[in-house]
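Peer 1: All chains should be modelled from the sequences, with the hints used to inform the complete structure.
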Amino acid sequence: MIRYFLMFNLLLLVAFPWVGEHFYVGLVMNMMIFGILAMSLDLLIGYTGLVSLGHAAYYGLAGYLLAIISPESAAVSIWLALPFCILGTALAALIIGWFSVRTSGIYFIMITLAFAQMLFYYFNENTDLGGSDGIFIFFKPSVTLGSITLLDLDNHTVFYYFILACMLLVYFLLRMLLASPFGQVIQGIRANENRTRALGYPTFYYKLVSFVIAGSIGGLAGFLEGMHGGIVSPGHLGWHESGLILMIVILGGMGTLYGPILGAFAMIFLQDWFQELTVHWILLMGFFVIAVVLFLPRGIAGLIEDLAAKLDKPATDSKPLATEKNGESSDP
Amino acid sequence: MTFLIQLLNSIQYGFLLFLVASGLTLVFGIMGIINLAHGAFYMFGAYLVYWLTGVVDNYFVGILLGLPIMLVMGYVIERLAIARLYQRDHLYQVLLTYGLILILNELQKILWGSDFYSVPVPAVLDGSIALTETQVYPIYRLFISVVCMLVAAGMYFVIARTRLGMIIRAGSVNREMVQSLGININRFYAIVFSAGAALAAFAGMIGAPVSSVYPGMGDQILIISFVVVVIGGIGSVKGAFVGAMIIGLADTFGKVLIPDFASMAVYATMALILIWRPQGLFGRT
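Chains as they are written, first to last, in my numbering: chain A, 445 to 776; chain B, 2 to 286.
Keep in mind that the hints were calculated from the coordinates and are not lab data.
Where hints are given, some of them may not hold.
[Said to hold, decoys possible] Covered stretches of chain A, going by a simulated chain B footprint (3 or more residues, C-beta under 8 Å):
hint, stretch
1, 447–461
2, 488–497
3, 551–558
4, 603–613
5, 673–680
6, 729–740
[Claimed, not checked] Pairwise CB distance ranges (calculated):
hint, chain 1, residue 1, chain 2, residue 2, range
7, B, Leu65, A, His466, 29 to 37 Å
8, B, Ser212, A, His684, 15 to 23 Å
9, A, Tyr468, B, Phe61, 15 to 23 Å
10, A, Ala459, B, Arg89, 35 to 43 Å
11, B, Val56, A, Phe718, 28 to 36 Å
Backbone N, C-alpha and C fix where the C-beta goes; we use that ideal spot for every residue, glycine too.
Peer 2: See below:
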């Protein structure tokens, strides 16, 4: 049942550029980018059980790496830019993860926050990289093979489908990963780490790998955002951004992988709507966050799954048992 | 010989951090709640003292008026929001208190705007005292250190020598056992939370003349308090003290020795300590 719902949404997404206004198409691109980012955090929180409050660090870092490698006067090749950004982010996740994953629970939350803040301050105070104003990315990376342009990412519609393709790719890759033996182990870690370790798995390394994968996918989202928005600033690394992503994952429903995508769409839509309501929209956002925690802890996906369970359930006035076929009555 | 001045600065900053961090670690150790909005209490303390000092024209009266306001605020927040977080996953505590930060930050902007404000040092404490023949040190900063020391001593006395403190210590180790001994520990939660809020607010109040009052000051102190608590070990007031002093030293001397990477000095220190002891210096595994 849920699958039909998701496929329907996918069809809507595919069709949208043909019917939507330019501004809203751009907004949906934003939503999809945050969907990728949210999925990466869901891998950490919902499947490995590691609550990171510093995930935006990889998102922002990738943006900065793209800005660093993009020359001001020409487009960089995507074959150079993308691996550079992803590998750079993965390396950062490896280093930070190596320190962080050895802790657990509340310490892990605080450490990931602290490391993200460290990166934030580094970029905020680094005047070569624009300081608190940020840095521009003037040209989107070019996708060429030799002299043939494979994709013209400056074309709004082409870029839209590029992002959509990335989002789907990430979703299916993560699904495969979670179904694999590796995925089973990290879900075991979330359920009960001690028991998983007792089964002989070196949980530190599994957690670390999961952390690096999540960071790299977050980096992909940052790369796409750098291309889309054209500017990176320290705010992309800040903890309010991290809090936002965390909120998106919970709003969407953690541990479902499709939930966070829905959460991203809902959250960005809500942010846009709140900002139109009042200049003090952050107040509304705060109340909304509290309301979700108190009344909707399983998120939108939780609602959908409850609804699907009700629709899938057979009618409660039970059909007669198979004995009826033989002509026998089931009445005692 | 500016070393002496920097050392005194570190100690003063460390004491302020201790006041804030101890509230954070106590609330977590006893109530099991991680309260991200703790920094907002610090900020509200500073804004309250700015506003009240302007109204009554006396800094000390401003503090005396502001503290009860903060106690009430802490109590109300605990009853309305925090009480729903007991026994829930840390993730939801983080999120709910994050929502609280958004609300409190915006409330501050609505009440007092986005400007930077300064609170003048009270005249009786203005001026400097001679340390050596050539060095002088502001009296007010010494005042901060002394007051914080007194508060810390008071906290130690309450926690280590009174029945209330005994219950608090026992509750942080084993809540259920305390309850099965017939003590209604829930009633203490509101007290502990309000006290923590008031501590943070008090730190904001006495720190205001030296650090000025601006939006977002709560977020800043919160992150550093996290670092202090992680280094010291969650739930340990002794750890919060040691951690605060270490960070005070790291931050002040970091600014002096490596000005370009000053803000990273604090986090580097945390990383080093965590390699050695992942649960913090005085934390329980």
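Peer 1: Each hint: holds or not?
Peer 2: Status of each hint after checking the structure:
Judged by the Cβ-Cβ criterion of 8 Å, the stretch 447–461 of chain A is not covered by chain B as claimed, because only 0 of its residues qualify and three are needed. With 3 residues having a beta carbon nearer than 8 Å to a beta carbon of chain B, the stretch 488–497 of chain A meets the requirement of three or more and the stated coverage holds. Beta-carbon proximity to chain B at under 8 Å applies to 6 residues in the stretch 551–558 of chain A; the threshold of 3 is reached and the given coverage holds. Closer than 8 Å: that is the beta-carbon criterion, and the stretch 603–613 of chain A has 0 residues meeting it against chain B, so the requirement of 3 is violated.
Under a criterion of three residues with beta carbons nearer than 8 Å to beta carbons of chain B, the stated coverage of the stretch 673–680 of chain A fails, only 0 such residues being counted. Residues of the stretch 729–740 of chain A with a Cβ under 8 Å from some Cβ of chain B number 9, which satisfies the need for three, so the listed coverage holds. The hinted range of 29 to 37 Å is not satisfied by B/Leu65 and A/His466, whose Cβ atoms lie roughly 59 Å apart. Distance hint check for B/Ser212 and A/His684: the Cβ-Cβ separation is about 21 Å, which falls inside the suggested range of 15 to 23 Å.
Range check, A/Tyr468 to B/Phe61: about 57 Å between beta-carbon atoms, so the 15 to 23 Å window is missed. Hint check: A/Ala459 to B/Arg89, Cβ distance near 41 Å, so the stated range 35 to 43 Å holds. Between B/Val56 and A/Phe718, the C-beta spacing of about 34 Å keeps the proposed range 28 to 36 Å intact.
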